[in-house]
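Based on the sequences and whatever the hints tell you, model everything.
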Amino acid sequence: MTSARTGADLEGLGKFAESTDRAEAMFFVGRRREIEGIEGACARAFESVMEGRKPEGETRIVQGAPGAGKTALLSRLGRIWDADDAAPDHVLLDLGILDSKAGLAKAIIDARDLLDPEVVSGSIDAGKSREFQRTRTTDMRGRGGAPGVVGGEIGRVTITAPPEYSLDMVGRLFPPHLWERPLCLMFDEAHDITEAQVRVLRPLHLGTHRVPAVPVLAGLGNTRENAEKRGLSRIADGADCTLGPLLTDEAAEAVEMFLDWFDVDRSVANIDWPTELAKRSDGWPQHLHTAMQALSRGLLAADGRLADVDGAAVLQDARGRREAYYRRRTSTEMEESKTLLSEFMQRVPGDGLARHLVIDEIEAVAEASGPSGKRLPEGMTAKGFLDHLIGKGALQSDGRDRLVCPIPSFHDFLARGFEMAPDPDPMPLRHRQERNSFHP
Numbered sequence: 001m002t003s004a005r006t007g008a009d010l011e012g013l014g015k016f017a018e019s020t021d022r023a024e025a026m027f028f029v030g031r032r033r034e035i036e037g038i039e040g041a042c043a044r045a046f047e048s049v050m051e052g053r054k055p056e057g058e059t060r061i062v063q064g065a066p067g068a069g070k071t072a073l074l075s076r077l078g079r080i081w082d083a084d085d086a087a088p089d090h091v092l093l094d095l096g097i098l099d100s101k102a103g104l105a106k107a108i109i110d111a112r113d114l115l116d117p118e119v120v121s122g123s124i125d126a127g128k129s130r131e132f133q134r135t136r137t138t139d140m141r142g143r144g145g146a147p148g149v150v151g152g153e154i155g156r157v158t159i160t161a162p163p164e165y166s167l168d169m170v171g172r173l174f175p176p177h178l179w180e181r182p183l184c185l186m187f188d189e190a191h192d193i194t195e196a197q198v199r200v201l202r203p204l205h206l207g208t209h210r211v212p213a214v215p216v217l218a219g220l221g222n223t224r225e226n227a228e229k230r231g232l233s234r235i236a237d238g239a240d241c242t243l244g245p246l247l248t249d250e251a252a253e254a255v256e257m258f259l260d261w262f263d264v265d266r267s268v269a270n271i272d273w274p275t276e277l278a279k280r281s282d283g284w285p286q287h288l289h290t291a292m293q294a295l296s297r298g299l300l301a302a303d304g305r306l307a308d309v310d311g312a313a314v315l316q317d318a319r320g321r322r323e324a325y326y327r328r329r330t331s332t333e334m335e336e337s338k339t340l341l342s343e344f345m346q347r348v349p350g351d352g353l354a355r356h357l358v359i360d361e362i363e364a365v366a367e368a369s370g371p372s373g374k375r376l377p378e379g380m381t382a383k384g385f386l387d388h389l390i391g392k393g394a395l396q397s398d399g400r401d402r403l404v405c406p407i408p409s410f411h412d413f414l415a416r417g418f419e420m421a422p423d424p425d426p427m428p429l430r431h432r433q434e435r436n437s438f439h440p
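If you number the sequence shown the way this note's numbering does, the last residue is 440 and the count never jumps.
Just so you know, not all the hints are guaranteed correct.
[Claimed, not checked] Straight-line C-alpha distance at most 30 Å; calculated DSBU-like pairs for lysine-lysine:
id, residue 1, residue 2
1, K338, K279
2, K392, K374
3, K101, K54
[Stated by the list, open to error] Okay, the calculated beta carbon distance ranges per label pair:
id, residue 1, residue 2, range
4, M50, G7, 51 to 57 Å
5, E56, T194, 21 to 27 Å
6, T381, R416, 22 to 28 Å
7, P371, E56, 38 to 44 Å
For the record, the hints were derived by calculation from the structure and aren't laboratory data.
Ideal Cβ positions, reconstructed from N, Cα and C, are used throughout, including at glycine.
And the structure:
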């Protein structure tokens, strides 16, 4: 359904306004460096196998606070690769696949079968996985007997169960000449990877069986640290990326894509919505998504006419959703140590602190025998509290051995004792245009 008056896609706006935060990102922008890093790892792994070398250490790690867009990045990669016959094949797997070596091997074989056009079309019956699982029966019969004894037929039937799945078997079923492109194995929520799962993943990570399959582990900001702590050694330099905010121009581009997609006429706007939502979201993908949802509801109420949108209501809606996000990120432990956390965050500058200084600051603020809000959570050390804050998205690495709060408004929320800072008034579009005319 479209508005007869404006031509805006009201039905599409309605569906977008009700989409959940787990829905695929419709307006993906940025992350070029991260995409190229994963594509490069897949290309190197494939080249190594084709040249008879081990594809060692090509595992990639994508980490960041909740709402940074890790799942959206994996989905975007899939969409890009699906449109390119020369791009890597890909499959999204549950981390539980790594509970056994057989589970990982079977997942690779199944993925290859599902990605084989001849198997999908039915030209080949069942594919490698079904053939691999068949029980084989050998029937050996012959004539037998002894002198003076009536002769007869003797025989032996041997039933051979299928062998166990293994990466070695993957290598035999799919030797290098059967691979046309690499396979990317995507695992979400990988911060929870266990020591046993790392042991299963390690041979693939080290390229032991020369299988051109590249694991991508996506999870919270401590994913690499957890994987290394649990035995995933020899991770290459630059193999991990920590997702931070989008650039302001990238975030504004996403809003422009949104308006264009739903055929919203921007010529009558009195607010520069792309810039306004980009600024107020801090470039954080989750906030940007909910801000565009707020604008969707404003457009629906105004029959798709941007000039009639209640700007104050839209911005208040977006602010409320940011606050709800922050309260979901606030754990019981953080609430119990609210005063400690507030004073600590006041000591963390915008560009962050070196990791060891972060622990020093937590210890400096904490009072073992002071008011309950100034104490560390029960059973936690300063190091344990730091790990907890990283897991909740309050801190993450900036890639230069410093820890930062990835979202400025979340930093303010925590520093103010779980209260939102006041928002500035929106700048009218005509004022912004006048300002720009004086500063070409």
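Against the structure, the hints:
1. The hinted pair formed by K338 and K279 meets the criterion: a straight-line CA distance of about 28 Å does not exceed 30 Å.
2. Taken as a hint, the K392 and K374 pair is honoured in the structure, with Cα atoms around 19 Å apart against an allowance of 30 Å.
3. A hinted pair counts as satisfied when its Cα atoms are at most 30 Å apart, and K101 with K54 qualifies at roughly 19 Å.
4. The supplied range of 51 to 57 Å is met by M50 and G7, whose beta-carbon atoms lie about 52 Å from each other.
5. As the Cβ distance of E56 to T194 is approximately 23 Å, the hint placing it in 21 to 27 Å holds.
6. Under the hint 22 to 28 Å, the C-beta atoms of T381 and R416, about 26 Å apart, fit the expected range.
7. Against the hinted window of 38 to 44 Å, the Cβ-Cβ separation of P371 and E56 comes to about 53 Å, which falls outside the hint.
The structure fails hint 7 only (numbered hints given earlier).
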